[in-house]
Amino acid sequence: MILFDLLFMLLVAYITGFLYYGLYRNITARFQRRLGPPVWQSFLDSIKFFSKEESISHGWMFYLGPVIMMSGAIMTLFFIPLFHTGESFKGLSSYGNLFLVLYLLVLGALGNALAVGASGNPFGVMGVTRGLSRLFALELPFYISVIALISVSGSADIVCIAASQTEWNAFAYPLLFIAALFSFVGMMGQAPFDVVGAPVEVYSGPASEFSGKFLALLMSQSAIFTFAKLVLMVHLFLGGASGFVELLAKSFGLFLFVIAFGAMYGRFKTPQSIDFLLKVPTSIAIVGLILATWS
Amino acid sequence: MSSTLFIALPLLFGFATPLLSRLGKNALAYTSVLMQLSLLGLALSLLLAHSSTTVELISIAAPLGISFVLSTASLLMVLLFTLLMTLFSLYYLFQRRANAYANESKFFTLLNMLLAASIGLVLSSDIFNIYVFFEIAGISAYILSAYSKTALALESGLKYLLTGAVASIFLLFAIVLIYLHVGSLNLAVIAEQFQLLPYNVKLLISLLLLIGFGFKVEVFPLNFWVTDVYQGSTSLVNALFSGIVVKAYLFVFFHILYLFLPQGEFTLFLLYLGGVSMLVAEVAGLRQTNLKRLFAYSSLGQVALIFVAFAMQNIQAVQAAFFIVIAHSLAKFMLFLALASLEKTEQNMHIDRLKQIDSPFLMVMMFLAMLSLLGIPLFVGFVGKFLLLKSLAVEGMLTLLVMVVVASFIEAIYYFKLMGYMLHKGTRSEKVEVSLGEKMIFVSLGLSLLLLGVFPMSIAGFLQNAAEVLLDQTAYITLLVGG
Amino acid sequence: MFSEIKNRFATDDVEVKRKGLYKVVVKHERLFALIVMLKEMYDYKTLNTITCTDWIEEGHFALTYIMTTLKRNETFMLQTMILREEAHTKSLSYLFKQAQIMERDLHEMYGIKFEGNENLKELSLENWVHTPPLRREFDTLEFVNNHLTFRDGRDDNIDTKAESKRLRAIKKAEKEAAKKAKESKKAEDVQ
Amino acid sequence: MEFSLYGLSDIVLSLKVTALANFFALLIVLSTLTVLFIAPNYRLKRSFYLLFTLLVASLFLIVYAHDYLLFFIGWEVMSISTYFLLSFTLSKEALHKYILFAMASALSLFVAILLLYSTQHSFLYEDAKQSYLAMSDGVQQLFTLFMLIAIFIKLGTIGFHYWLVDAYEESHNLFTPFLSAMLSKMGLYALILFVANITQATYVLAVMGLLTTIIATFKAIEQESIKRLLAYSSIAQLGYIVTVLSVADGMGGALYHALIHTLVKLLLFINIAGVIYVTQKEKLSDLGGLIYKLPQSFVFLLIGIIVLAGMPPLGGFASKFMIYTALLDAKYLLLLAGVMFSSASAFIYVYKLIYGIYLGHPTHKNLEEVKEVPWTFLAPQYLLASLLVIIGTFPGLVIPYINRILGELNLTLLSFETIQTLITSYAQYNGFVVMGAFGGIFVLVLMMFMLLRSKAKKPKNRFDIAYCAEEPNEATHLHYGYSMGQELKRVGLIHLIAKNSSKYFYDFLAKQMQYFSEVVRKIYSGNLLLNFNIAVLFLIILLLWSLK
Amino acid sequence: METGFLQEQKVLEGDLNSENSHQNSVDFLMNWFRKQSIFVLAYGTGCGAIEMPPTFTSRYDAERLGIRGAATPRQADVIIVSGYCSYKTLRRIIRTYEQMSNPKYLLALGSCTVNGGMYWDSYNTIKKLEDYLPVDMYVNGCMPRPESILEGFIALQKEIGEGKASSWQKYEENYEFYRKNQEAVLGKKVEPSYEADWYLYEGGL
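Residue numbers (the numbering used here), protein chains in the order written: chain A, 9 to 303; chain B, 59 to 541; chain C, 29 to 219; chain D, 407 to 954; chain E, 164 to 368.
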């Protein structure tokens, strides 16, 4: 039964992820006053890369890196329940907790970093450096918000946090939500925090050496991972979800916001983004935390 | 009778040197060692034979005449002095063939005079006698200091002489005042009546005594001459100065103090004087690059530590003081002997020389001595320092405690600097030859440091006994004057 | 200044092209002394460029050093001749840093050796083993025809000069024919 | 076992076997054995082993002592024997630095225990609490100050870490694992005793711990020498423990993390020792691309850094989880955020470490000829790595043992159900499921991935990389990431950390001290007349002051 | 005989009008995916590169056809040789082309790639790209407008869909020929130092 659940979750995440990505490209195109590709374009891209005749592998660590990333993404997905009510589609969330999920979020990044390092491409490592440098600043506001939520709800279990919301946390603790949103935009790799994979500056950064099926795996991973992160945010801040429609509506709304945000802003340099994240969202989060836990 | 022997034998030997030197080239050296060995044996036998507090009292024409008291406390000092002097003579014997002093008979005279005077200081129970031995010790020390007749040695001898003269003037003045007011020179009699004197007189006498002895016990503002003297004298002689002479003065100073002022009116003053002395000495030693001077500063610091311990005026602290006296005497003796070994080849005593020396044995021995001086556990130095600091803590003298600890830390800075120099990695060019006999002396000293550190209980009882005796004013008076 | 240059460096008169633009032809062995003098005494602190002209008929290269002073807004052109066969001169890079890359360019394109310039690697070509391409004995068209293949049907890869001459001749002939015709017409009209 | 010292009846000493002592003794045994395993690779003098034995003996004395005097004696002997052990390789300055800090630590410990003695006349741990309570407020503060200085110096807490980094960097590769795994743990042991027996200096520990973790993490990011980097990492990891000890129920997490940290630092330093042994290079900028030469070592370092970063599914996450929930329990939320922040920052130096050594390109020709490290280096790594994996899979395995210690210290026990789960009041997680899920998913994905039609091809030449169409060669600077994290200095806050150093403070102190010494030395310049005057004046002033 | 532009036109149309090749259903499916998703290497090799930004951005929006840019050759399917090709550029193009993973396509823009164009007598510019690298599609013009580039892409997509765009196979098969030509202009000792990848690559992990 649980295997079926997991498989279903994976399927949902895969399809939804690619759909979201297609929509993302389409919507961004509309922002730029053009038609944009069809919704399933990302899926086509991924299949195309899978069907490439050859892929360059720079040794076993390079080969395993994308696999680790994929595993990390699937793990993240499995340890976040799809719905906070009911029995089904809980995944493995009862065996884990929010701290675990927070760490699983960066597991993929580690796999990626190792693979890029093994490839020996300096541009890739530049991208990884930027990513890791940005990572801690990115996580700080998110951590503070999450800690506040855990403290308020009295549990580090995602289901409990989702269920404990009488009104959405986003409205109950708006400052925490705003701070977490900043981080979330960065985590989704959106502008203004998208300096990691800048195509022209660092030759598309970490992805520079991935070809063929490796890249395809990375794309699938990114789709699943995106969905998992969205679900996490929905559970933490948007009152959770008890059905597919609710889940998709909430997560898509959030996704739309992130896209819109990304489409509107330019790109920060690495030190700029760290500086910004350490100053503005962190301060907001600290104030939010104090307000949330004052009593 | 034995206590007179301690004084008379070396004194006589000193005067008999012209005769003995005619017997043969080596006769003087050997007889000297023999004489000192017999004294050591005597002291040991006394130690084993008597367990009571007072060992012996000898009076010649009491109460105005000469009298000696050989108590447990003074026996301890006598034992230490004879032991060190014997080791010194043995060491000199071993290195004599290569590095004999010029005009040896004079040297032996002075040596034995020094011993006699030191023991006399410890044993005398009569303030004028004390003054006499004070002068004898002083004069032999001045000459020994200037013995090598280099410019530095002569300077140091002269300085020693000048300060010694000033000190004896103060002391003499104090004695005159005491005699004027008490009418007796016997320590017991003075002790009985000292309390009754008017405050001003008491203060004046105390001050004069303090200044008089202050020069000799190397307490802070009066110890400016020490470093120069140590630098000028040979290292061998320095071993005597820091091992024997200072200890004798210290003992007698506090002996008199305990007798005259048993209530400890000046305790606080003396304690802080000691604390400041220690701090100043260690701070001044921080940047020193001449080994002899450096050890002189270290001596000042350690002596000040002993000063503090004695000034505490309670049994535990005095016991601690005895521990430190032993630890310091042995360790400093060892260090100066090591320096003497270095001095055989070259006079340069800059610390850079330590980088060049290729003698693991000497180095290990110096490490042992230094670690003991720093009060590292497993060495006897730790026992003394620990007991002292413990009693300071119990008495609640936290400022002084911190002061002593800070001074110890500063001492550690330069001692570990020396060790760093010795552990220097690089080629070592200078071989130092240490003969088997010398090695034996070093090893016995080092082993005693370690053994006493690991098994301090073997002498702790004896030391406590000595401390009790030293502090017991009434018993002393009873003994001398009679109930 | 001009007279001093003329006397000390045995040059011709300094030619004033227009206000603030001077040119002088100097013997090769005196060139560097003159440059130093201009730089140190007359504030020509800037070396704009070094150009080379290939006088294949006379058998020498004309190197022109163009220097500018911003103080008076004047430009000085120093021309010197070096033999084509030797194609050898001293480097100016110790005086002007920028000369290094200019000389590198000249070395690549004309094969002139600059003594004292440490880096005379190729600047814009790679692995060029033929005659330096800007020497006039290097026949571009011949080179292209020898080394590269053309797609069939390209009939304009012929000598443009000859072609334009031919075309011009045809045009001229036509023109003259027309003129003649006109004249003859006129004559007829007059008649 | 109780006995008295020096035949003095007022000093009672005691040796006692407690669960806490056993815990640390176990760590000592483990470290000693693993470290001695790699010893045959080096030619060492006999005196080294002699001193090493003395050191281990002193560690046992520290651990099993049940009164502060024996503890102090062990502490001093440890410091001194470490001094002589370090003297084999350390430069004069680093050695001097080490011993000065060690002496400062020992002497302040000395003062502290004497202060403790002064009230109740006992050195025993049982009486420590009463002794502390019997002190006046000022003395209490003084005592805490001295005690914490002693402990912080050994722990290398920020501000007191000046000696540590140099000592780690220059110490013998055989000795560094021991230094990091054991000697700093003795500071921790002292701190645990202090917290459990005497008082929980909450705010001091919290602030110092947090500052330590954050500052040391960013300092570690800057480093280019492997051992320096790991030294700062050690400081930071111990900072977590200091932080968590500041809260009431933090002991469990602290012990757990102490265990994990010992294992992982042994693993890492032995790994590094192996790398240095085969390459003779100690700088990240001189290494690189060793992954295909030393594949086993690479895997062990990977395990090490995963644990160090606290990533699931290995043991590092378990201890981090304990620390986080303990802080959460005490409602130290911002502290928790700070700790998590520094934990996230640790990714940078951790990646820098593995990249600089194993990934990227070899920076020297001779790096392409090295062989896998000898098995003597690998064997202890196998042991340590498997221990870490086991703890990761069964995070509850050590809870009963920790509970025994906690019970002995009269602290709240940790909840325990099965060895697979780790339960705290806020959350639980199942290590077995996490490990199993990760393994299963990994294998499945890998199999499916390998079945794909697209052929994976490996370039023969390491220069076949997408490099903007250029052709890199030997001379091209391709090993980029070893200087990773330099751009962080452009961020104001981090620049502040990078720029400042306790070095400046200690240099200033030393300068002042020397100046003072110069002044004081004037007294001993030999000018008799002047001195007489000074002396008499001083004496009179002092006398009047003391008599007033 | 046609000259100049007319000749280029002939080359273009001649390629387009060849007969269909047979392909099975798996190939068909895969070719369909490849056709739908084309990643173009963002590498401006000549003056024609100036026409590429409008092609990809809002005005002409190539993305609606599934065509988008890729930064590195590892990810790209198509490389555009946009215009004249000096030796120095050719070397980079060859390396880049060889770094792309199969299947890969080459789109040549402008007259210069066809027959040298206005650089027909330059000593430093190659005249016929297909001697050095296999070309799938020429788009002529000097420079071709974005419309024609898009048209070229659509034609390329059509060929890919039919399985006819097989220049990469041609390159592998006739490698000796291409290499000889490359060495003729780039010199003997010339890189790519890693030689031809597929000879030397080892399979597997």
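Any given hint could be a false lead.
In silico DSS-like pairs for lysine-lysine, Cα to Cα no more than 25 Å straight-line [what the hints assert, rightly or not]:
#1 D:K909 / B:K475
#2 C:K141 / E:K343
#3 B:K489 / D:K498
#4 A:K287 / D:K905
#5 D:K905 / B:K475
#6 D:K451 / B:K413
#7 E:K343 / D:K866
#8 B:K475 / D:K498
#9 A:K287 / D:K895
#10 A:K277 / D:K866
#11 D:K861 / E:K343
#12 A:K277 / D:K905
#13 B:K413 / D:K503
FYI, nobody ran anything at the bench for these hints, they're computed from the structure.
Against the structure, the hints come out as follows:
1. D:K909 / B:K475: Measuring from Cα to Cα gives roughly 19 Å; hence the hint holds.
2. C:K141 / E:K343: 33 Å, violated
3. B:K489 / D:K498: 22 Å, holds
4. A:K287 / D:K905: 20 Å, holds
5. D:K905 / B:K475: 29 Å, violated
6. D:K451 / B:K413: Holds, at roughly 20 Å.
7. E:K343 / D:K866: Holds, because 22 Å separates the two Cα atoms, which is no more than 25 Å.
8. B:K475 / D:K498: It holds: about 9 Å lies between the C-alpha atoms, which stays within 25 Å.
9. A:K287 / D:K895: Roughly 16 Å separates the two Cα atoms, so the pair holds.
10. A:K277 / D:K866: 36 Å, violated
11. D:K861 / E:K343: Outside the cut-off at roughly 28 Å; violated.
12. A:K277 / D:K905: Distance of about 22 Å is within 25 Å: holds.
13. B:K413 / D:K503: 18 Å, holds
Going down the numbered hints, you'll see the structure goes against 2, 5, 10, 11, while the others check out.
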